[in-house]
Amino acid sequence: MKKLFIPSFLIAILFTACVDLTGLDPVLPTWSTSITIPLIDRKFTFADVIAKDPKMVSDTAVNSEAIYSPALSKPDPTLIELPNLTPKASTITQKLGIVPLALPSLPTIAFTALLLGIPTGFVLPGPDQQISRTLPIVDPLTATVFDHMIIEEGRLVVKITNTFPFDVSFPSGIRLYNSSDNSEFALLTPPNIPKNTSIAVEVTKSVNGKKLTNNLKMDMIIQTIGITGTTLSNSNKLEVRSTFDIGTPGTTATLSEAKLLLAGDFDIYDSTYTMAIQQLDDSTSLKSAKFESGEFDITIDNGIDCDIVIGFLLNELKEISTGNPFQLKSGSTASEFVKITRKTTFKQTVKLKEFEFRTNQGAAKNNLSFGMRIKTLIGFPDKRVISKYDSVRVKITPKTKPNGDTEPYVLGQIVGRIKPVYIPLNDTIDVSMGDVTGTFKFAEIKFDSLIFNLNVFMSGGFVTDLNMKVKSLTSNNSPRDSMSTGKVRLNIGKENVIKFANIDRFISSFFKGGLSLPSKLVMTGLVEVNPVDIYMDTTKFGTITNKDSIVTDIEFKFPIRLGIKDGYMSDTSDFAGTGLKSSDIDIINVGKIGLIMDNTFPMQIKVKAAFLMKRTDTSAVADSIIMYVPMTADTILVDSSRYNSGGGAGKYFTLISLKPEDFDKLNKATKLLFYSELRTSSNGATVVRFKKSDTFHIRAYSTINLKVNQKK
87 MKKLFIPSFL IAILFTACVD LTGLDPVLPT WSTSITIPLI DRKFTFADVI
137 AKDPKMVSDT AVNSEAIYSP ALSKPDPTLI ELPNLTPKAS TITQKLGIVP
187 LALPSLPTIA FTALLLGIPT GFVLPGPDQQ ISRTLPIVDP LTATVFDHMI
237 IEEGRLVVKI TNTFPFDVSF PSGIRLYNSS DNSEFALLTP PNIPKNTSIA
287 VEVTKSVNGK KLTNNLKMDM IIQTIGITGT TLSNSNKLEV RSTFDIGTPG
337 TTATLSEAKL LLAGDFDIYD STYTMAIQQL DDSTSLKSAK FESGEFDITI
387 DNGIDCDIVI GFLLNELKEI STGNPFQLKS GSTASEFVKI TRKTTFKQTV
437 KLKEFEFRTN QGAAKNNLSF GMRIKTLIGF PDKRVISKYD SVRVKITPKT
487 KPNGDTEPYV LGQIVGRIKP VYIPLNDTID VSMGDVTGTF KFAEIKFDSL
537 IFNLNVFMSG GFVTDLNMKV KSLTSNNSPR DSMSTGKVRL NIGKENVIKF
587 ANIDRFISSF FKGGLSLPSK LVMTGLVEVN PVDIYMDTTK FGTITNKDSI
637 VTDIEFKFPI RLGIKDGYMS DTSDFAGTGL KSSDIDIINV GKIGLIMDNT
687 FPMQIKVKAA FLMKRTDTSA VADSIIMYVP MTADTILVDS SRYNSGGGAG
737 KYFTLISLKP EDFDKLNKAT KLLFYSELRT SSNGATVVRF KKSDTFHIRA
787 YSTINLKVNQ KK
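Here the numbering used here is used: the first residue of the sequence shown is 87, the next is one more, and so on.
Simulated from the structure, these hints should not be mistaken for laboratory data.
A few of these clues could be false.
What the hints assert, rightly or not - Calculated cross-link-like contacts (lysine-lysine; reagent style BS3-like; alpha-carbon spacing at most 25 Å):
(1) Lys404 / Lys461
(2) Lys181 / Lys474
(3) Lys404 / Lys376
(4) Lys678 / Lys129
(5) Lys437 / Lys485
(6) Lys469 / Lys425
(7) Lys557 / Lys643
(8) Lys376 / Lys481
(9) Lys181 / Lys415
Bear in mind the structure is a predicted one, so any value in this text is a computation, not a measurement.
Hey, can you work out the whole structure from these sequences and the hints?
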């Protein structure tokens, strides 16, 4: 027996009854009598259909109305793919600058009468004298700790006092020179130095760029003026005091180079951090972020010819495990400061997954700021050249792929601003609404109160727009119709229910021309995270993680409320005959078939039936009709009270007279063909409700009057 099963709308199946036939072997009486043989007794309710189709439910709150609600498969969540950062390498170099060491102090030279070779204790007869003197002015102990120094900025200040009873002059000036190569360091030309005073005469000379060696000497000619008639004492002297400054008393001259030994560590107290940035991305700004992957190397090259201690900062990186700011590691010890051996390179790889990016002031940034400073020169026992041009270089270099491209920094979480992210959505949902074109056809069908919603849920914290299109496919995957949401701005963190307009028209369009209901729904669309209008506003920030996703699913259901115009259905059921033997046919006086139909469905049903005889050959010719019911081949009209607003209809009864030879035909029948015309009120213009209790009941029986005292 062929059964029609239409899950999407079940009206078509209501009249595809499974016919139960019970053949009785009559006992031939020896007297005249009538017997009744049941042929069909089939009650078909809408509740039976609901029980067979899990997509059908019953809304008991609304008059047991039947609801079609398929359990649609939900697409997997679509993860939000965060933008990768495309970092660039960055370098800072800090020169030592001015060598942070002091010039050696020069000894004070005191020329007494004895040192000048002038006798004391009696009146000098004259005349005036010129006395030449050359002497080293670098302390011998100091001379052992350096070879030379080059002055960056400074002046030589010479103060001369004269307590002799005569004036003094320096006709050739006072010359300072390096005896190793006779290079002049400074030449001063002091005025006459007055007698008998402790007030010094000051003479200065710029020594910028001058080289000072550990064998610096002072050369001068001392000219006495008015020595005749004077008497000298041992306390009389000519004193020359030499110092260095940079133009103001109390300041210190600076060096650009020195070859020296450093007996102890030298802290550079005025060293400040030299800052730089590593560009992370040109379109993403971060307030805070966590990373899934990404690495960079910190490389520190010490170009100074001594061990050093440097300080290093990465302002925005905080270690996740401790919450501490980023620190370099020397071995297993982390510190702001690290010691680097002379003329070597320090290297450390930073795995961003271990750190969180967090700006100090809460402002969004698209870079990492880092800095370094030279804190300490470590003492060394041998003489080395230290220059202001010596430098320490720090380089931050992202890792590269085998092909040389830069490995991106992959974000796992972000608070900040990101450029618009576009996420395509593509999915196909099997709605399995069936195909009714085989046995059920109609000119037009009308639906009512369909619910077709797109439910969208997106986690995260960025403004997001959605534009979706739903395209329907028939059972042979042919596109039929489509609907679009237009651009919709979603409520983040809440379920968004997007209702499609004109859904009744959308579904009804499938039935024009006898098409089938949708078999598949193809969803295509685009999600725009942080749309352009939001991104252009630099005050707008959001938050999102790589675990955030967008979930879409279709909610599709409708009560069985239909308007059917010129619908019809055909189907066949097996038939086992009347149960009469051929020899019984000639004792039949008369026979009738009684047909009773009850219809409580909200539609008009016109029924035509015929008994078929199956062909015994193998030809493709259809089974032949051997008898119509009614025998005039007219249709049987079965209205219902829910179709006929006047009420009182819904049952049909008729008796069909049969001749004995008609029973012979029925015995040859193998199938019963039903052909039903279906129509709701106003020829389908009125939409009606189908209920769980709706019933179509078909009963058929035969009444046979037999002859009495007839031999077999």
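* For the pair supplied as a hint, lysine 181 and lysine 415, is the alpha-carbon distance within the 25 Å limit? -> holds (23 Å)
* To do: For the pair supplied as a hint, lysine 404 and lysine 376, confirm whether the alpha-carbon distance does not exceed 25 Å.
  => holds (10 Å)
* Could you grab the alpha-carbon distance between lysine 678 and lysine 129 and see if it respects the 25 Å cut-off? => The given pair, whose Cα atoms are some 22 Å apart, holds under the 25 Å limit.
* To do: Assess, step by step, whether the Cα of lysine 437 is no farther than 25 Å from the Cα of lysine 485, and give holds or violated.
  => The given pair, whose Cα atoms are some 10 Å apart, holds under the 25 Å limit.
* Is lysine 557 close enough to lysine 643, meaning Cα to Cα at most 25 Å? -> holds (17 Å)
* Take a quick look at whether lysine 376 and lysine 481 sit within 25 Å of each other, Cα to Cα. => Status holds; Cα separation ~23 Å.
* Asked: Would the pair lysine 469 and lysine 425 pass a check requiring their Cα atoms to be no farther apart than 25 Å?
  -> holds (21 Å)
* Asked: Given the hinted pair lysine 404 and lysine 461, is their alpha-carbon gap at most 25 Å?
  -> With Cα atoms ~23 Å apart, lysine 404 and lysine 461 stay inside 25 Å; holds.
* **Hint consistency between lysine 181 and lysine 474 [alpha-carbon to alpha-carbon, up to 25 Å]** => Holds, because 7 Å separates the two Cα atoms, which is no more than 25 Å.
The structure is consistent with each of the numbered hints, conforming to all of them.
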